[in-house]
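Novice: What follows is each chain in one-letter form.
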Amino acid sequence: MHSIIRCYAEIDIEAFDFEKVHTDTSGDQMDVEHTIKKIYRQFERESSIDPELPKLKKNLHIKLLKSWLKDLPKNYECLDASRTWLIYWILHSLWILNDMPDSETLSQCVEFIKKCQHEEGGYGGGYLQFPHLGTTYAAVNALSIIGTDEAYDSIDRSSLQKFLWTVRDVDGSFALHRGGEQDIRGVYCAISIAKITNIYTDTLFDKTAEWVVSCQTYEGGFAGCPGMEAHGGYAFCGVATLALLNRTQLCDVDALLRWSVNRQMRLEGGFQGRTNKLVDGCYSFWQGAAFPIISAILSKQENKELIETVFFDQGALQEYIIICCQGPEGVGDPFVIGCPSNELNRVHPLHNVAPHFVYNAVHYFIRHPPPVKDKN
Amino acid sequence: MSDSGDDAAWVPYKERPEWGDVTPVKEDDGSNPVVVIAYSEKLLQLTKDAVELNPANYTVWQYRRDILKALGGDLMSELDYMEAVIKQSPKNYQDPSRELELTGDALLHDPKNYHAWQHRQWAMKTFGLLTDDVRNNSAWNQRYFIVNNHLGWSDINVQKEICYTLEKIKFIKNNESAWNYLRGVLLHDKRGLSGNAVVTSFCEELYKNKCRSSYLLAFLIDICDEALKKGENNSLHNCNRAMELCAALANKYDKIRSKYWNYISTKFIKYQTESESNKNGADKLIE
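The listed protein sequences derive, respectively, from chains A and B.
By the UniProt record's numbering, the letter at position 33 of the first sequence is numbered 33, and the numbering carries on one by one without gaps.
By the UniProt record's numbering, the letter at position 150 of the second sequence is numbered 150, and the numbering carries on one by one without gaps.
Calculated directly from the structure, the hints in this document are not laboratory data.
Each hint should be verified, as a subset may be incorrect.
Some chain A residues well away from chain B (every beta-carbon gap over 10 Å; in silico) [stated by the list, open to error]:
no. : residue
1   : I5
2   : K57
3   : H61
Sample of chain B residues at the chain A side, in silico, Cβ under 8 Å [unchecked claim]:
no. : residue
4   : V36
5   : K210
6   : Y263
From a predicted model like this one, the values you see are computed outputs, not experimental measurements.
Glycine included, C-beta positions come from ideal geometry on N, C-alpha and C.
This is chain B alone, in the form it adopts within the complex (with noise of 0.2 Å):
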């Protein structure tokens, strides 16, 4: 925003002798308007910068690409100048820029801002976010976009990546990101989320241990709901395994989500009596 101090020698444009060839247009919201923002004397007075006043105001970011572009004017101050306008308004949607060292900036203050993280993208392809705030979902998702556009999917990467999550959940068991971040892994093993012994194992060895994670019994039900599909159930991951863990979680560990859990359980019932009616038909076929 402007220095208050500049407004003695202030003159308005309308009386400046090289905008005399310009004619002032009128703000005209008709002779009832509505929603009418008190705009001070002295904010009218400072129009001579109507970003600093808005950031938000795209009709003026949108005029100041055109003329830049026509004028063939200097992008980098045009860079630092968006960077001070963009530093003072952190929701700014507007931060027309794409370089790496206003977003860093933008990260500093706010390291989960959205806008600045969309436009690390654009620009950055580094590794190991994760070192300051293993809870930092933005950087997670930043490691997903990374491995899936750069580094890609090979088995190789895949196991590393399993290996450097359950690391990480062994850490912090209540940590939803690195949870989710294991299942959008899994989304790229063959084998699928049931079928990687490392992850079943790691998981079971936590249950066993006495974690109630409501993380880990969802991931336990996952496990039971993708054996059965593909009709590998057994002793452990089976039907009546994965009702009492919905029945766990919408009873006592995760009692805010308790519609869903009993949703997903009508799930497992219906399986269920499905499965028995099959075998009470194939039995009566061999009757």
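Chain A with its partners taken away, still in its complex shape (with noise of 0.2 Å):
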């Protein structure tokens, strides 16, 4: 990865242009890279005196998100219908790292997680919750990267495959659970829990494809539904579910690379959820993992060599993340700017499970096909 830094003189030459236009977008851009480029002429400043600068505060966060693995502090009870994705957060994290959690604790996760297991099929985010497409994805991909057979064979495969036909629509679409909002997340969860866990069907996926296409805007990204608004989380869902779908040829890519790289900001160097909005470190992720599915599709059509190719400028993207978005040292929060009024930036979302646990996972449900195949 390049790593030359950009000097503030750089930086500072790409602020926004307003164009003696105020509006309330301009207004909220200006305060951002107000914040940002005193983070940086900061930055600047310790760096000349400390050259190991920047720095990954690693044992830092390893030691937070250990503890948080066991207890969570009182602001997070608005998560307590998450329960299963602080888990998938903080031990993908942890990984990530290179410093997972001991047998004993992993075990503990698995039991927890069984706890969550709803008898109609699929995980709630708690004991005793509605199955939900997102908790019982977090579930899965949690139980993945645990990755033992206790962790693998604690999930009743089929009953989550009676709930993803419960949750399914004949359009294609996947509600996120009973009674719940149909989405572009629905049917991202959906095709990833069942490829991984072994219970896809091209029946269960019947049109499915198409409805995700359908929420392709103008702009080139993907919408949460159709006629939305593009939207990073929902472009990731869009372009990776038609990859697992191996569908990918439905979609306008040229477009789609177009809008991604555009989200990247010029002068913060991360990424906006949507044009004309303001950088937040959760699109990282989200536009960032988009990236390497775009130049998988581009290498097929066009050369084999793009499958290298990373369109988005990693080194700015980096300079954010560690610069920007990791608090002072001895205050041990690291925070995310964009999105003061989100108290949940602490765990911001990590959502790809690393490749390797896709594959052992996938493999040990393909040696162990589910006790019942689909019968709809």
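Fit chain to chain and form the complex, with the hints in mind.
Specialist: Written as structure tokens, this is what we have:
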């Protein structure tokens, strides 16, 4: 990865030009740029003294994640319906930081996730909560990261497949839970769960690719449902679903690439989620994860070498994450700029299971076919 | 959130006579629970309204919907109630209401709230929301939605939308929302992106007047691209011009996207070598 740090002057000339027309959007953008510039200026001063900078505060992150895996502070109450997510986010982060918890702790995670499994199939966000595609996706991914037979065998795949049928609509879309909203997140979670656990069938995903493509907007990104505005999280769900269904040729990949590269902020270095919105750390994942998929599609369509091409500025993104999104030493809580109203920015999503976890899980479930094969 | 002043009068459900026939179920996370959230004693007592404690608890909302349906309950007062709860949680993915007033209120508070717009599209069919903030992309998207789903892309509507958008671009040249909308409208113009003389001359005029907005340069590249594909390349819109523009973007006007512009540039290099080898092939045939 190229790691040339942009100097302050290079960043400064990228400032937003409001063209003498003030609106809410320009005001918000200029406020954020002011904050970011202050951070980059401060960084330039510090790095002239300490040549080791910028540094990822690895030990600090590991310490926090491990303590959160046991107990979370009171302001996490609003994630009481998302506890399988918390396990997944934390385990995945710890894996990336190369410091996985001991096997006893992992076994306790399996035990807890089992408690969230609903008798109708699928997982709720906590004990006795209704099954939900999001919390099921998190549970399956967390179990794949744990990767023991105990973890894999704890999944009731027959009822899981029944649950997917109960939330599927005739048009190929999926609701997040019984009576819940239908959007592209549901589709992505469903296909991902089905592929990992080997309960995928063609009929279960009949018309799904066509429905997903109808969410691609005139801007090139994907929306949550047809007609809505293109958005980073939904764009990832859309293109990832098409890739898992092997139907990427249905979408306009050039338009998706154009829209995706334009989400990187020229001054901040990080990504915004939508056109004319503010930078936010979580889109480092959402927007960032779409790029390898786009490269893979283009490498098939145009030339093989494109698989290696990274279309966004990795150096600038790295600067933003490490310099702007890590809290000051001693305070402990890394934070994210751009969304001050979001109190939960500390566990901002990190949603992809590393490839070898997926590989291991998929092979385990191929060796152990589900007891009941799709009867629908 | 419930007012803490109520605490003194609070009687737990299990101690209320009318709930005597219900056996409480304990939260059971197993013997070695993980990700345990620190519930306070006070909040345990306030389970009377679980959604107020956690509006993101989809299970509770679903229970409420089921119960309301079964009892034939008052939906309007439920909507009022949800309004109160949703207002307190800006990123609630569970807002089940679909009424206009509620989303209108939410948009006053946050004009880009994704979920409020999602509901608004269900309920409303009005026009002209860009007057307050011409950079609000959600409002541009809404405009597209209305033409696409209600008015239709007749030739006259396409022309009207193009004129409207060019006016807005003239006003603010770096407004990506307007440029994106222009591309969107041109998807419905039979002459394509490069065939509309109003649009191409507008862009060339801006360029001549020293405008170097990255969105303008990107648009000119796409005009070149389409002209080439149609075999209509001319002195203004051709491979060399496109490659020059890519280089200007990569090295000066849009440096953060230099990798992307270099990639786009290689596509034009390919065009050029292909057309040259075709020409050579044809020359050889003539010889």
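Novice: Please go over all the hints and tell whether each is borne out by the structure.
Specialist: Comparing the hints with the structure gives:
{"no.": "1", "hint": "I5", "in the structure": "holds, 14 Å"}
{"no.": "2", "hint": "K57", "in the structure": "holds, 22 Å"}
{"no.": "3", "hint": "H61", "in the structure": "holds, 17 Å"}
{"no.": "4", "hint": "V36", "in the structure": "holds, 5 Å"}
{"no.": "5", "hint": "K210", "in the structure": "violated, 14 Å"}
{"no.": "6", "hint": "Y263", "in the structure": "holds, 7 Å"}
In this structure, only the earlier hint numbered 5 is contradicted, and the remaining ones agree with it.
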